[in-house]
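Following the hints, put chain B in place on chain A, whose structure we already have.
Chains A and B, in that order, give the protein sequences.
The numbering used here puts the first residue of the first sequence at 1, with every later residue one more than the last.
The numbering used here puts the first residue of the second sequence at 1001, with every later residue one more than the last.
Hints in this document: simulated from the structure, not taken from any laboratory.
Glycine included, each C-beta is placed from N, C-alpha and C at the ideal position.
Be careful, since some hints might not be right.
[To be verified] So, partial list: chain A residues that the calculated Cβ filter (under 7 Å) puts toward chain B:
{"id": "1", "residue": "20"}
{"id": "2", "residue": "27"}
{"id": "3", "residue": "29"}
{"id": "4", "residue": "34"}
{"id": "5", "residue": "39"}
{"id": "6", "residue": "116"}
{"id": "7", "residue": "124"}
{"id": "8", "residue": "125"}
{"id": "9", "residue": "146"}
{"id": "10", "residue": "255"}
{"id": "11", "residue": "262"}
{"id": "12", "residue": "271"}
{"id": "13", "residue": "277"}
{"id": "14", "residue": "279"}
[As the list claims (entries may be wrong)] Okay, derived cross-link-like pairs now, DSS-like style, lysine-lysine, Cα gap no bigger than 30 Å in a straight line:
{"id": "15", "chain 1": "A", "residue 1": "223", "chain 2": "A", "residue 2": "204"}
{"id": "16", "chain 1": "B", "residue 1": "1290", "chain 2": "B", "residue 2": "1098"}
{"id": "17", "chain 1": "A", "residue 1": "223", "chain 2": "A", "residue 2": "210"}
{"id": "18", "chain 1": "B", "residue 1": "1212", "chain 2": "A", "residue 2": "223"}
{"id": "19", "chain 1": "B", "residue 1": "1098", "chain 2": "B", "residue 2": "1212"}
{"id": "20", "chain 1": "B", "residue 1": "1290", "chain 2": "A", "residue 2": "15"}
[Stated by the list, open to error] Simulated DEER-style distance windows between Cβ atoms:
{"id": "21", "chain 1": "A", "residue 1": "155", "chain 2": "B", "residue 2": "1062", "range": "25 to 33 Å"}
{"id": "22", "chain 1": "A", "residue 1": "155", "chain 2": "B", "residue 2": "1088", "range": "52 to 60 Å"}
{"id": "23", "chain 1": "B", "residue 1": "1055", "chain 2": "A", "residue 2": "80", "range": "37 to 45 Å"}
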Amino acid sequence: MVSLTRGGDRTIEEKEALLGYALIAPALLLIATVILYPVLYNVYLSFTVVPLRPDEAPQWIGLEHYYNLFGSSAFWSALRTTIVFTFFSTTLATLGGLGTALLFNRSFRGRRYIRGMVLLPYVAPLISVAFVWRFMLDPLYGIFPYVGSDVLGLYAGNIDILSNGDTAVWSVIFIDAWRYFPFAFLMLIARVQAIPGDMYEAAKIDGASKLAQFKDITLPELKYILATVFLLRWIWNFNKFADIWLLTRRVETLPIYAYQVAFANYQHGQAAAISMVLFLALIVFVLAYVAWALDW
Amino acid sequence: MSTKQSTYRHVVDSFKTALGLGKNTLETSLAERVVFYVALGLTLLITLFPFYYMALASLLPESSLYSLPPTLLPQDLTLEHYRTVFSPETFPFLTYFKNSFVIATTTAGASVLVATFGAYSFARLDYRGRGVISRGVLMVYMFSGILLVVPMFQVIVWLGFVDSLASLFVTYLVQTLPVSLYMLGNYFRSIPEEIEEAAIMDGYSRLEVIFKITLPLSAPAIVAVFFFTFMIAWNEYLFASIFLQSQSVFTLPIGIEALSSSFRQVWGQIMAASLLTSVPLIVMFTYLEKFMVEGLTFGAVEG
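Here chain A stands alone, though its shape is the one from the complex (with noise of 0.2 Å):
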């Protein structure tokens, strides 16, 4: 802005840029204060003792909750299963509104009300979906582990799939997977269907086989639409919370177990050290993956 002088003198391009900022600033003074000022404020926090009682001030200790983050097994343990869980629902989530776009990407009837029911589980309310899935893995009564153990006899036994430490997590990763690929497959269908048929039957006359012809079209015209889904998946995995907690207590991821630092053990500070290296973590890996991904 060069001159705001009298009303009336204003050019068109500054009566435009007033408008502009008029425009934005309720969006950008609410996210200011109710993000930007908590994120910051956590910041502090994670340098503070948080006493329980409102009215008492944070009491600085420095970088002791990181010291302690550091030195202590939960913590390691739980950046293992947040990236365990985060990778592996990630690349299944990918991976399968992949397959389910490539097989969408021809015409066949009521594809557009079956495109609709595959994006059920994504449209769904996850508290709802969470109980189904708890019903259906119950080891009483639940179909799943009625049908793993007593009809096809993987497993012996009464083995409570979301308790038991071993299973937990792959069921929370397949859940996850389930939820989220049709995500995955809207944001890829679109892409899938803009390639031009040409280039396959260009192909096909060079005489390229059904795998040549993905790996050398497919893949590379979808490769920046992948990444992306890739990536805005994982920013969202590794920052789970609901999604895993109504589903069992036994994965503990580090939203989780933050959550459980701060609303159980009632030490905010100590969760706020947490929530700040969870981030700066998604932080390092976004910029790993944005440079990688980039020259791909």
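Same frame as chain A, now just chain B:
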């Protein structure tokens, strides 16, 4: 059409269909069609089975709910669980439902309103700092709920907002804003700028352009954003679980979770409540499916 041409067409078409890559289902070999329909059937089975099972379990009498082998094709059905869910003395489901509905509607309405102007601003108007603002909005995607929950709890306690739906309104509004801004911004950019320029030539002001041209043209995107923000608020568990303490303000996720943890073997009621919780989203989605799918391609919605 000459013989040569039609032979050529035939060859190309059979290449297309043999690969399953063309958009043509005619002339596909039987084996390929079998493989395709089996794959489609499996996809639908994996996708829909939990929903079938939810509906089924909500209608089964206790005796078949808690017996082995599990029932897949029901002999007799009952509305008993729905009756329990709707009787306020056993389970205040209607209160939870009303709370969730109020909070999701107001959040989605306010988010759409604030985001429409904001998104127009950085999609169309030119000013210094615009790029930083629109990139900053995307950055907020990475600030998860868990990063905000401790400081927000402190702030809400300090403001005396604990145990009120107002605390959720503020939180959800801001959490949905980046998504709304991003989706609407992308949509506005897809509207040809010439239309707006022509209107300005005709003497419309910017605000008139927004209300008389951009908004009517953006109805599908606005509907989609409303739905997605409604969905985010309808689903939210983390903040609701720490801000809310008394039953009278519980939203559905907290209420159903409380029911499940305070009673054992109430699967029938929980499945009935889960199904009823799904109804608003599924009804909205069914009516608005076309807009939803378009809306999603304009922006990624957190989930």
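For each hint given before, does the structure comply? Return the numbers of the non-compliant ones in rising order. Those not satisfied are hints 3, 13, 18, 19, 20, 22.
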